[in-house]
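Student: Chains as they are written, first to last, in the numbering used here: chain H, 1 to 266; chain D, 1001 to 1613.
Incorrect hints may have been included.
[As the list claims (entries may be wrong)] Have a look at the derived ranges for each label pair, beta carbon to beta carbon:
1. Glu70(H) - Gln1123(D): 22 to 28 angstroms
2. Asn94(H) - Glu1468(D): 54 to 60 angstroms
3. Val231(H) - Met1421(D): 47 to 53 angstroms
4. His116(H) - His1586(D): 50 to 56 angstroms
5. Gln1123(D) - Asn10(H): 33 to 39 angstroms
6. Asp1153(D) - Pro230(H): 49 to 55 angstroms
7. Asn11(H) - Glu1185(D): 44 to 50 angstroms
8. Lys18(H) - Gly1302(D): 35 to 41 angstroms
9. His116(H) - Glu1436(D): 27 to 33 angstroms
10. Tyr1236(D) - Glu70(H): 40 to 46 angstroms
11. Asn92(H) - Asp1282(D): 53 to 59 angstroms
12. Gly1257(D) - Val231(H): 18 to 24 angstroms
13. Arg1443(D) - Val246(H): 45 to 51 angstroms
Simulated from the structure, these hints should not be mistaken for lab results. Keep in mind the model is a prediction, meaning the values are calculated, not measured. The beta-carbon is built from N, C-alpha and C at its ideal position, and this holds for glycine as well.
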Amino acid sequence: MELADIINPNNLVYEKPKLLTENTMHYCPGCSHGVIHRLLAEVIEDMGIQDKTIGVSPVGCAVFAYNYLEIDWQEAAHGRAPAVATGISRTNPNKVVFTYQGDGDLASIGTAEIMHACNRGENMVVIFVNNGIYGMTGGQMAPTTLLGQVTATTPNGRDAGRNGYPLRITELIAQLPGTSYVTRQSVHTPATIRKCKKAIAKAFQAAIDKKGTSFVEVVSTCNMNWKMTPVKANEWMVENMFPFYVPGDLKDSSKNDPESYTPLKN
Amino acid sequence: MKDAKVIELEEVAIRFSGDSGDGMQLTGTLFSDTSALFGNDISTFPDYPSEIRAPQGTVGGVSGFQVQFGKKKITTPGDLAHVLIAMNPAALKANAAFMNPGGTIIFDVDSFSEKNFAKAQFQTLDPFAELKLDDYFKIPVPITSLTKESLKDLELDNKSVLRCKNMFALGLICWMFERPLDYIERFIQNKFGKKSPLIAEANLKVLHDGYNYGMNMQHATPRFIVHPAPIEKGIYRNINGNLATAWGLLAAAEKSGLNLFIGSYPITPATDVLQALAERKDLGVKSFQAEDEIAGICTTIGAAFAGHLAVTSTSGPGFALKAEALGLSVMAELPIVVVNVQRGGPSTGLPTKTEQSDLLQTLYGRNGESPLVVVAASTPSDCFYYAFLAAKIALERMVPVVLLTDGFLGNGSEPWRVPSMSELPSITPRKATNPELFKPYNRDPETLAREWAVPGMEGFEHRIGGLEKNAAGGVSHDPENHHINTQIRAEKVAKVVDMIPELEVVGEAEGDLLVVGWGGTYGHMISSVRAMQNAGKKVSLAHFNYIKPLPKNTAEVFSKFKKIVVCELNLGQFASYLRDSVPGFHYYQVNKMKGLPFSVHELVENFEKILEA
């Protein structure tokens, strides 16, 4: 193929989604956030809902998410994104509201908010990025840190007796009647990225169809605080995270799940 | 070879600056430690964008480390740097405003490329002209290519080679300032020697090549001599405020015969306190990383009820979350210490930047009449003493104590003479001894402190909590009882004044202007006041470490001066508090809300204006 063919717009197969801003992302090289941001941008663009999508960003590394997607955003207090999103969603029932939260934010300081928002079946999407560590504050133990994993606050590895067990919050969320779609994904290979995109699209469709809360966990890497190369971090994730945080759908009401969601009476 | 240009200096500030991944914090720390070991007094200021790594080559990703050292007492990291090491154009851009006019700029000329100019968003191809740095003494050094050249015979991948660049810069700077390399060599050996001897060899080689480069290029590089400072004899180490805080609490636990408990949640810039204590299981520390800020303080209250020296550490937003539980500790009259390493607010604010804006929240930010003791550390190393004293006050007076530090103190460092335990005052917890006389809210008539009984002590079974209670610990809605207890709780805090020293004045006890400050601004305050005094002005300093209660001679000190100015990194919170607590004076104000410490220069300028007014 000649250069002229390659740059011919008709042959374009891949480009930056229009929703992604020109801002350079601040994430560490190798971080999963950038890929997930891109998937969100693609899904929102594909579905044509840019004008009615509202994001709520957390405190943590993704606090700056609002710099990168051209939609309305609100940053919440640490852990409280689901409560802020509840306020937005209830007063704007025809908008598509989502939160974007890390594991420290969602599964530790914000446990009460996420459980109750999901239990109430608030009409929203939750994107839950789980990398098993606090990234922004420099690598402390998170609720999702695996047993034996070394962090800044577990210098000898996480010990169940001292630090408790890693929390599979997504399994708890799937038990709640307010959730319609609960899934666990990853973005470490082209195939899993495509699958994750489908899951995010399905979650957003559920919000458009007013099916209550959809919850997409993305098992991710934090190579910087895990102190690994990005490639090694992906391998480590597959070897160590996946046996505990098993990828796949946990609940899908579109498949007539008996636990399926009952719509809110507006 | 020409003779080296040797310049003798009283003090000098150096700023190491590069990409977040260039290892500038380590380079700065190693140089600071070397200078401290050489016998200089030092003060450091790490200035970094956030804990995560921004894109290479951008101004947002620049990480800096400033150290000032000298042959006399050094109280600040320096307003402006005399020497800047810029590893790329972005570093030059980010730091141009912090350069002493006519200072020396050493830069990696290899990285000054068109591509990197664009990344740093320069408009032209002459960054020095664009930043108006033409009159500065510029030393271009091909750091990247010399590092590569230095390591060409070692079997190292390109990335590992480039990671040695900082050692070249460090070696060069060590030559320029006549620093011996032995400490740095030992550090490299200890860090890499066993695990990856090749990396150790590479770092050592580049360090020496950088040093030798300076020696060989004497005609181009000036050499500075900064003599050691006359410092009291003893064992010294370099320490930052967060580590000093952790150690002060450890010392208090040892001195009081109690075990230390810390229940905290990660939050910038306070996390290091939790981390430092998580590493000291060997000293009996029970560290607990809680699921949130509220659980952090509530576990602390539980541990205090159970007889531990109990501590929680946090920063502004976390302190806000702890408010209700702090009220519980006021009501239950339990001895807890809350460390608030203040940062820019409100809300998430400026997590990595310093500020003093939590003062009013600390004094008043709870429901009900809810008094507690507030102390503030003023230098990185005295965080040790104020953490120790906060614990002493809490344990001896059965009262929650808040220790205010800030991001500047927490991350900044200075040499500290390690005290022996015998130098520290005793701590006598008010453990209950006589079950016949024990009631949970029986009080010492002098101090109004109640006795501390711990579950498991026979004959001392009792209940306490957040409801208003009578002396026996029973719930009481009696109007008179609530009125009296409210007064007692306030008076108990007021009586802590007997434990604290009188306010000292630096300089003459009377004069034209009294400069008043509190907490982490001390270094810049004292430097500016000394500068005024040297210029013959009748200016003195009164710096507060005890905020509530205030030292008993405060009004007397104030009355000897024609004018009083209160300087703080907020919009006037301490000034408001003084207007209320020490009325009858006119308080001028100097305030700054930029996420940065004061500069000596701006303080002096403001003081001169006030003197003339």
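Student: Under the constraints set out in the numbered hints, which ones does this structure not fulfil?
Tutor: 2, 6, 7, 8, 9, 10, 12 and 13
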